[in-house]
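Keeping the supplied structure of chain U fixed, place chain Y upon it in accordance with the hints.
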Amino acid sequence: MLFMKPLLLAALLVCALFTTAQTTFPVNGTVEKDEVLYLFENATIHVDASTELNGSLLVKKGRIVAVNPALPPVEGVVRVDLEGMHVYPSFVESYSSFGVPKLERPKWEPGPQTESNKKGAFGWNQAIKPEIDAADIYTYDAKAAEGYIKAGFGAMFTHQSDGISRGTGAVITLNPNENLGLLLPRSMAVHSFQKGSSRQDYPSSLMGAIALLRQTFYDAQWYAENGERLETNLSLEAFNANAVLPQLFVTRDRLDVLRADLIGDEFERQFIFKGTGDEYQRLDELKATNGAFIVPVNFPAAYDVSDPYLTRLIPLSELKHWEMAPANLAMMEEAGMTFAITSDGLKKPSMLLANVRKAISYGLSEEMALKALTEIPAALIGADEFVGTLEEGKEANFIVTDGPLFHKKTNIIEHWIQGNPTVVKDRSLKDISGVYALTFDDESLSVNVNKDGDNYKASFDLIREGKEGADTTKVKVKLAQEGEMVNMKFGPVDSLYKGVYLLSGNVFAESRIWEGQGQAPNGKWFDWAAVRSEDAKKKDKPGSMDSLMVEGKVIYPFLAYGQETKPESQNVLITNATIWTCEEEGIIEGGQLLVIDRKIKAVGKKLDLESLFGKTTPSFEVIDAKGKHVTPGIIDEHSHIAISRGVNEGTQASSAEVSIASVVNSEDINIYRQLSGGVTCSQLLHGSANPIGGQSGIIKLRWGLTPEEMKVEDGTPFIKFALGENVKQSNWGQFYQERFPQTRMGVEQVFYDHFIRAREYGEAWDAYDASMSSLSRKQKRRGDVPVAPRVDLEMRTILEILESERFVSCHSYRQDEINMLMHVADSMGFTLNTFTHILEGYKVADKMAEHGAGGSSFSDWWAYKFEVKDAIPYNGAILWEQGVTTAFNSDDAEMARRLNQEAAKAVKYGGVPEEEALKFVTLNPAKLLHLDDQMGSLKVGKDADFVIWTDHPLTIYAKANATYIDGKCYYSIEKDLEARKAIQAERARLIQLMMDGSGAKKGKPMEKMPQHYHCDSETDEIR
Amino acid sequence: MRKGLLLGACLLLVSLFTFAQTPGDKQSESILIIGATAHLGTGDKIEDSAIGFEDGKITFVGARLQVNEQDWSKVIDASGKHVYPGFVAPNSTLGLQEIGAVRATRDQYEVGTFKPNVRAVIAFNTDSDVTPTVRTNGVLIGQITPRGGVISGSSGVVHFDGWNWEDAAMKEVDGIHLNWPWMHHRHREGGKIDVKKRKSYDQQKHELTRFFDEAAAYANIPAPKIQELRYEAMRGLFDGTLRLYVHANDVKQITEAVHFKRKYGIEHVVIVGGSDSHLVADLLRENNISVMVQRVHELPRFAEDDVDLTYKLPKLLSDEGVLFCLENAGDMEQMGTRNLPFYAGTAMAYGLTYENAVKSITLNPAIMLGIDHLVGSLEKGKDATLFVSSGDALDMRSNDVTHAFIQGRMIELDNRQMQLYRKYKAKYEKP
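As they're listed, the protein sequences go chains U and Y. Under our numbering, the first residue of the first sequence is numbered 1, with each subsequent residue one higher. Under our numbering, the first residue of the second sequence is numbered 1, with each subsequent residue one higher.
Bound-form chain U, shown alone (with noise of 0.2 Å):
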């Protein structure tokens, strides 16, 4: 048998540093051929996830030249006996910046930076940068690799981490020679919503990324299909280029995977998805998309829970995905998704190994957790012709293990990249544990040696006579292991062994007999022998793996007051009730309304059912709501709740492609508190922070499904224009003096120069569509065609607004601006849809009436600026009397949750109908919203959106007793109740489990901090 020394293995490792094969180098010094063939043999070959064969492996230059060959070489064969080991391909690293220089956002300076700072003829955005590849800027990190060669990898992804497009990442092989190592200059394009180093100022927010990263994409489709060249744009060049690679999307969360799909639809991409680990909680719509997913497996640590009141601060989801998080992966297996596993987020690249296991003991299939880290990850990069299995012609990257991968105990202890070996604990040591006689002088001892990991632990037994019989001690040998020596030292002991011995000698005969000197405390030499009487008890080999059961359950949304299950819709019909139609019928009292099929089938004093029906009643639950009152869900016109990353794209005048639909954020406790305040619907605004912001999101409090399924169906789109100090930005402080409009003046301006702007875009695609029809279909066989103008997502918003497809909703306070808008409005040939906030409409109600605007107000609020120094109270009720349709709404959290109370003080301020009052939070909103048809009151054929209150709902008593969307109960007190209930079981529950969890690594409490926006809400959210 022919055991590598590990002289020969430094001699390699030597060599394979000083090796240059590159053929295009001179050489300085003697040419190596590398001929010589390797052979590892008598090895549990693990060829792919799913192939495993004893046999050998060959190798030669760095490359796999068979498998299991027939005939295997005599000649020119250094043969490496691995009997008793495993062989698996190395782990594929699919997401690193391994190599790659990290940038460093520049120190914060004051003020705007409205351009790029990078140099040269690229696009117009800094954290566009397509034209970046890893290759170019990738060298060697040895210090990296290290970490990453002992936990298994070989190959690895890297790219450059910065940048909402990131350019191109490279495939590389964890080889100090670059030429050598790297396999695949261009592999994955990267994309992300973060905008990284740069400093310029857009976008600041999510939905800005998102529109940017759009508007990308088609000016590269127009770039590329433009014949005449206006510009040299190498970014879009790039960005071009880098369409025919795999794409990555790096996400934040489960949610930015469903954001960043919509996106690959519009495009025709289907991304792979850089995951967070939180795909559990989603499951179903992040599988829909079709993607792969490359997930992390940084489990979190358990909370220090020691302290009652600290744990408070804990979120239940943080406790909860404690617990579930290592059954990610096994989720994402059972739902058939298909996905790599990333080191990346861990601490250390070598806590890989124990958490895939631990992924494992949650369910994870072996074979499926080996593929995810070889065979996927390679084919998700392209490089799985390289690298993945152990199939011939591939790299001869693999590591070879001391027992099955993924059992408990099992080691990596070589790892071979393209022909080098990593040698991660030395195969040629022998295992000398066992019980020793040792004897030196007149001393005779029995030593155990018992093998504690890649050291040893060593004791003796002293039995002394004392006055009172034997007496034994227990003796401690600090014993080390070198090669084939061993060294041993133990003492001081006793009065008979008072000073420190220390033994050095050679082990012989496989560790039967071992044999030296030692030196005497007083300094006199002895010899001394030791031999094997008892061998080690052998441990079992830990074969079976743990299987945990994870007992919580998901819930959607996944927070406090999220649901195992969605709502049903019921077919409901409730009797007795004080009605409030806010139709012509009035106030019903006694009054009955029939729900089925998620519409009103019925509202009236004694329904006839028989006649609704004939004789094919369908079933229905009754609800006796005596002495209580139904409304309308109540609809709030101007809401920042349940919005991800950043509610202002406020860094340019106009932010008209940025959309609030495209980052509703459907985890938002607010969603619940607002129902519980009767809530069915809001118009998720963008902030005031410019003059044309962005487009809105209206939704229904769908509490528990996703941002997609929340949004109001076949509603009519709407966007944010703001007036006044917001968007001169008069209380922004001394450093935002710079952007265009600084007075109102300005503001009138920018409107006028987008619109205009917008018209003449849409002349332009008139022109271009006309021509397109006139074209004759030789010319349009022959590709004689007209270059289609440039997708412009900021003017084609505006163009909607101008031919009435859009409507817009404006932050406005002052009357000469409100004034002005509609002039604007006028001569642009719309209408102003909506006012919103409106604090001095009472000024121009009549004007506001004969242009056909709607007002949005607050029921109250003023003098926070100089703007709302005239604001009164009275506001609604004249421009309710003035025959404007007139809305209170929030635009704040907490004041969502009683806007029935906002509505009062209608009655109190002015002294408007108490129906007409009500009407303000619910047909008017709907009307504004162009939703009236579907809800906002209570008519038959209308969506089943109503509340049921315990009192007057126009009283500081009225609290929802049960809100009803589309015929389901989203919120109801008894339910309310329960929820209750199950979080304090269920913290508890964790929270136990948390300390029963022995020796778990423990993470200091988090508060989620969630943040309210409102409309001055400036803030960059996206680094």
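Rather than coming from a laboratory, the hints here were simulated on the basis of the structure. Treat the hints with caution; some may be incorrect.
Once the Cα atoms are required to be at most 27 Å apart in a straight line, the calculated DSS-like pairs of lysine-lysine come out as [what the hints assert, rightly or not]: (1) U/K981 / Y/K312; (2) Y/K199 / U/K347; (3) Y/K261 / Y/K205; (4) U/K869 / Y/K425; (5) Y/K425 / U/K865; (6) Y/K425 / U/K847; (7) Y/K199 / U/K981; (8) U/K968 / U/K711; (9) U/K107 / Y/K199; (10) Y/K196 / U/K348; (11) U/K869 / Y/K430; (12) U/K498 / U/K467; (13) U/K476 / U/K451; (14) U/K869 / Y/K427; (15) Y/K312 / U/K626; (16) U/K865 / Y/K427; (17) U/K61 / U/K143; (18) Y/K315 / U/K975; (19) Y/K423 / U/K847; (20) U/K474 / U/K498; (21) Y/K427 / U/K847; (22) U/K959 / Y/K315; (23) U/K119 / U/K102; (24) U/K959 / Y/K45; (25) U/K975 / Y/K312; (26) Y/K315 / U/K981; (27) Y/K45 / U/K869.
For chain Y alone, kept in the frame of chain U given last:
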């Protein structure tokens, strides 16, 4: 003549649209309000009541049957209406700030860490346009309070009627405001906040302790030769004449404040905010510490909190026997003061009895501010600071103040907003 008319018209316009409300005249005749439901502020009410006052003081509280209307110069028939003691807005910055976004109108934040000598009352602008809109809903008394720093300064108590702050002041200095330093440092990472004890907390607490140690030592010198303004301002804390208002929300902050009270033997300590106070109700009650409960219309702090936690916090404290009142600091707090009655209304809808809800904005704050001998309830001998509402004043649907008196002076219930309302209503009513 014509000129004179024009001038007169101009003056009228100016008085209508520029000036704040003219203070009321001293009560010159005895007034009796009869027939109303009187909510005494003590937790009791009298149906079909009679409330009489002379020379600014309440002289009769009882049933209508017990009184002879002829004995009174003026009788207000308030049958079917309600009478309440003037509502009290503690921890208020009314009159210190006119318009939030305009720096020149902001007077509540002085620079510095320890500045107990800074007095809010002297910056109270009696001509603010905001205060009249607050009176209109029944809020007649406020504790004018500075903000910022660790010790932000001294508050004073005023009623909302007077030519100047001296007129308005009921108590120029009632106590010192201490913003208890946050104990936890929050570090955002990936949407999460890592919470750990702030590194600077121990240092801050040390400095605070030292400041109190020195102030207490200074207070032992009856007539110091060299005066230290800051310690002079603290003197009253140690002899019980001043209150210590500790602004604290987190349970750990509150607990620290309790130990602080015990250490320095401060007689009157009030927790302001106290969003976690229900968790340590026993400790507060046993240490005789009261709570100014944070704005009722707030969101709960944590997603898993009961959705109505902030609404029912007063009820939770009431059940535990902790003395509490309502305050409304927060966003847009000056103009929001007119909603104070509705905070009490919400607290009532979520568990307080009606009369206890009234008490939480009348007698309770008066006790906590040390002005209960003067105001806070409809009791004989107290100031005739009260109002009549034609409906339930805790409900926005029916809050409609028809008469209001401060120390017997009948005050104007008009305000700039009503004036603007009339102005534009008239515009639209023109043919």
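To see whether the hints hold, each was checked on the structure:
no.: 1; hint: U/K981 / Y/K312; verdict: 17 Å, holds
no.: 2; hint: Y/K199 / U/K347; verdict: 25 Å, holds
no.: 3; hint: Y/K261 / Y/K205; verdict: 14 Å, holds
no.: 4; hint: U/K869 / Y/K425; verdict: 18 Å, holds
no.: 5; hint: Y/K425 / U/K865; verdict: 24 Å, holds
no.: 6; hint: Y/K425 / U/K847; verdict: 14 Å, holds
no.: 7; hint: Y/K199 / U/K981; verdict: 36 Å, violated
no.: 8; hint: U/K968 / U/K711; verdict: 16 Å, holds
no.: 9; hint: U/K107 / Y/K199; verdict: 24 Å, holds
no.: 10; hint: Y/K196 / U/K348; verdict: 24 Å, holds
no.: 11; hint: U/K869 / Y/K430; verdict: 25 Å, holds
no.: 12; hint: U/K498 / U/K467; verdict: 20 Å, holds
no.: 13; hint: U/K476 / U/K451; verdict: 14 Å, holds
no.: 14; hint: U/K869 / Y/K427; verdict: 20 Å, holds
no.: 15; hint: Y/K312 / U/K626; verdict: 25 Å, holds
no.: 16; hint: U/K865 / Y/K427; verdict: 26 Å, holds
no.: 17; hint: U/K61 / U/K143; verdict: 25 Å, holds
no.: 18; hint: Y/K315 / U/K975; verdict: 22 Å, holds
no.: 19; hint: Y/K423 / U/K847; verdict: 17 Å, holds
no.: 20; hint: U/K474 / U/K498; verdict: 15 Å, holds
no.: 21; hint: Y/K427 / U/K847; verdict: 13 Å, holds
no.: 22; hint: U/K959 / Y/K315; verdict: 16 Å, holds
no.: 23; hint: U/K119 / U/K102; verdict: 19 Å, holds
no.: 24; hint: U/K959 / Y/K45; verdict: 26 Å, holds
no.: 25; hint: U/K975 / Y/K312; verdict: 18 Å, holds
no.: 26; hint: Y/K315 / U/K981; verdict: 20 Å, holds
no.: 27; hint: Y/K45 / U/K869; verdict: 39 Å, violated
In summary, the numbered hints that this structure violates are 7 and 27.
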